[in-house]
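A.B. asks: In case you want the letters, here they are:
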Amino acid sequence: MIHDFGIVWDQRGLLMSGLANTALLSVIAAVVSLLLGSALTPAMMSRRRAVAGAARAFVDAMRCIPFLLFAYIVYYGLPSLGINFDNWSAGLAALMLYNTAYMAEILRGAWAAMPREPIEAGTAFGFSGVRLFRRIVLPGLVLSAGPVVGNQLIQIIKDSAFLTIIALPELTHAASSIQSRYYVPFAAFITAVALYWGLCLVVEGGVNVLRRLADARR
Amino acid sequence: MNALPHPVLNVVGVSKSFGAVEVLSDISFQVGKGETVCVLGPSGSGKSTLLRCINWLEKPDAGHVYLNGEPVGVTSAGVVMNDRRLSQIRTRIGMVFQHFALWPHLTVLQNLIEAPLQVQRRPRAEIHEEALALLAKVGLHDKRDAFPARLSGGQKQRVGIARALAMRPDLLLFDEPTSALDPELVGEVLVVMRDLAHEGMTMVIVTHEMTFAREAATRVLFLDRGRMVETGTPDQFFSRPATERARQFLQRYAAEAVTAQR
Ligand SMILES: Nc1ncnc2c1ncn2[C@@H]1O[C@H](COP(=O)(O)OP(=O)(O)OP(=O)(O)O)[C@@H](O)[C@H]1O
Ligand SMILES: [Mg+2]
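Just so you know, the protein sequences line up as chains A and B, in that order.
Numbering-wise (the working numbering), the first sequence opens with residue 1 and increments by one.
Numbering-wise (the working numbering), the second sequence opens with residue 1 and increments by one.
Quick caveat, the hints were computed from the structure, so don't treat them as lab data.
Ideal Cβ placement from N, Cα and C applies to all residues, glycine included.
Stretch by stretch, here's where chain A covers chain B in the computed footprint (C-beta under 8 Å, at least three residues):
{"no.": "1", "region": "80 to 91"}
{"no.": "2", "region": "99 to 109"}
{"no.": "3", "region": "116 to 129"}
Over 10 Å on every C-beta distance to chain A, these chain B residues come out as not near it, computed from the model:
{"no.": "4", "residue": "21"}
{"no.": "5", "residue": "143"}
{"no.": "6", "residue": "244"}
Label-pair ranges, simulated between beta-carbon atoms:
{"no.": "7", "chain 1": "A", "residue 1": "78", "chain 2": "B", "residue 2": "110", "range": "43 to 49 Å"}
{"no.": "8", "chain 1": "B", "residue 1": "15", "chain 2": "A", "residue 2": "204", "range": "55 to 61 Å"}
{"no.": "9", "chain 1": "B", "residue 1": "61", "chain 2": "A", "residue 2": "66", "range": "50 to 56 Å"}
{"no.": "10", "chain 1": "B", "residue 1": "34", "chain 2": "A", "residue 2": "116", "range": "30 to 36 Å"}
{"no.": "11", "chain 1": "A", "residue 1": "63", "chain 2": "B", "residue 2": "22", "range": "41 to 47 Å"}
{"no.": "12", "chain 1": "A", "residue 1": "115", "chain 2": "B", "residue 2": "255", "range": "31 to 37 Å"}
In isolation and in its complexed conformation, chain A is listed as follows (with noise of 0.2 Å):
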């Protein structure tokens, strides 16, 4: 056991960058998913019927398909309609699209239940369309949906072990193909949760900043 240890040990140039390879996915996708999804929000919550009817329907497309499957269709399916992307790229498009979903619908119940009254000042002093959004209504609704980012931001660094499947050298990728070559699955595997674990531990860190930033602010 020892044995197997040390050689996932000697090949530890590979797991750090597989780990480095799952931080940088992970999170670029949540911060552009974020993005899209604040982008999305508005859209959900707007007054045109059609267009609240479309990023609806968007977002509770996307949030019923097994990520796994999306990533398949992304990567093999597009191809055939004559969409072509390295695994990088479809993993990369994957991971947005499918969390821009996520991140709109968490930002748009923070922003239901947000008091009306301080908005509403907003709008009295002057604030109107995206000036409004920007500086009156997205800090608070970083602030209480932060907590809720952060365990997405977990969600998608568990998510993106499924692009293992398009070979894309992340975390899980490494792992399996260090097992598979020296078979060492236990050590292997292992060494993979606890650098998961590791990378949740860090991303535990960055929300509890921001819950007392809001504490602060309650």
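Following the hints, complete the assembly by docking chain B with the ligands onto the known chain A.
C.D. replies: Coordinates of chain B with the ligands only, in the frame set by chain A:
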């Protein structure tokens, strides 16, 4: 009522219904520069709706609102204004809310600076200096870096007033600024409002504080079931109300005041 030569606020025939319920019916009045007009009336008589129609938070069904002679909400050609234009006009009408409506993510000082900086786009140094002076004026200089959640109700409302003043408004609207406060905190807010009245700020104040209205108002409007039943000087209104409804309203307040004192 005599027409004022250059009213700051001119409300002409404003009506508003919610569904089948007519909440405001053909309301007209003017407010001259430096006037303090108190709007009185029973609960549900349409006082808040009237204030909200003035800055078009609520769109009137009929009638017009003019600020310093300029139409609010609808252009002179009769077209509904775009958001940008309407926002511009709203920056000249300060509003103070019953439940304060401060921006919770910003500190006290940032609450004052936000709209002048982001909407009016005045120079930052000037805004900052004025904001600090306003906080000193309402007695909250030492709270400038606190978040609203850490303040008492009276302090929050004083911030609310300072925030409105930071816009250098031509007109200030107050919607029951002391109704959400514990009785012992009402005084500190009324003091600030009295000072503003003496300094010649133009104000429309919806209130249930009869003593304040009597002492500080230059004129009183009495609303009942969406109609402006009576208007006059506080002295006229409180000593010699012209209508039966106003008499009943005042009697009920007098009775409540007596009960409260016991
Ligand atoms: N958005 C709305 N939709 C439907 N009805 C409304 C709306 N706003 C107000 N109303 C109704 O209009 C009437 C007048 O309301 P308003 O808030 O203007 O009264 P008010 O004089 O301010 O009362 P209060 O002293 O209780 O604050 C009430 O019957 C109220 O229920
Ligand atoms: Mg009201």
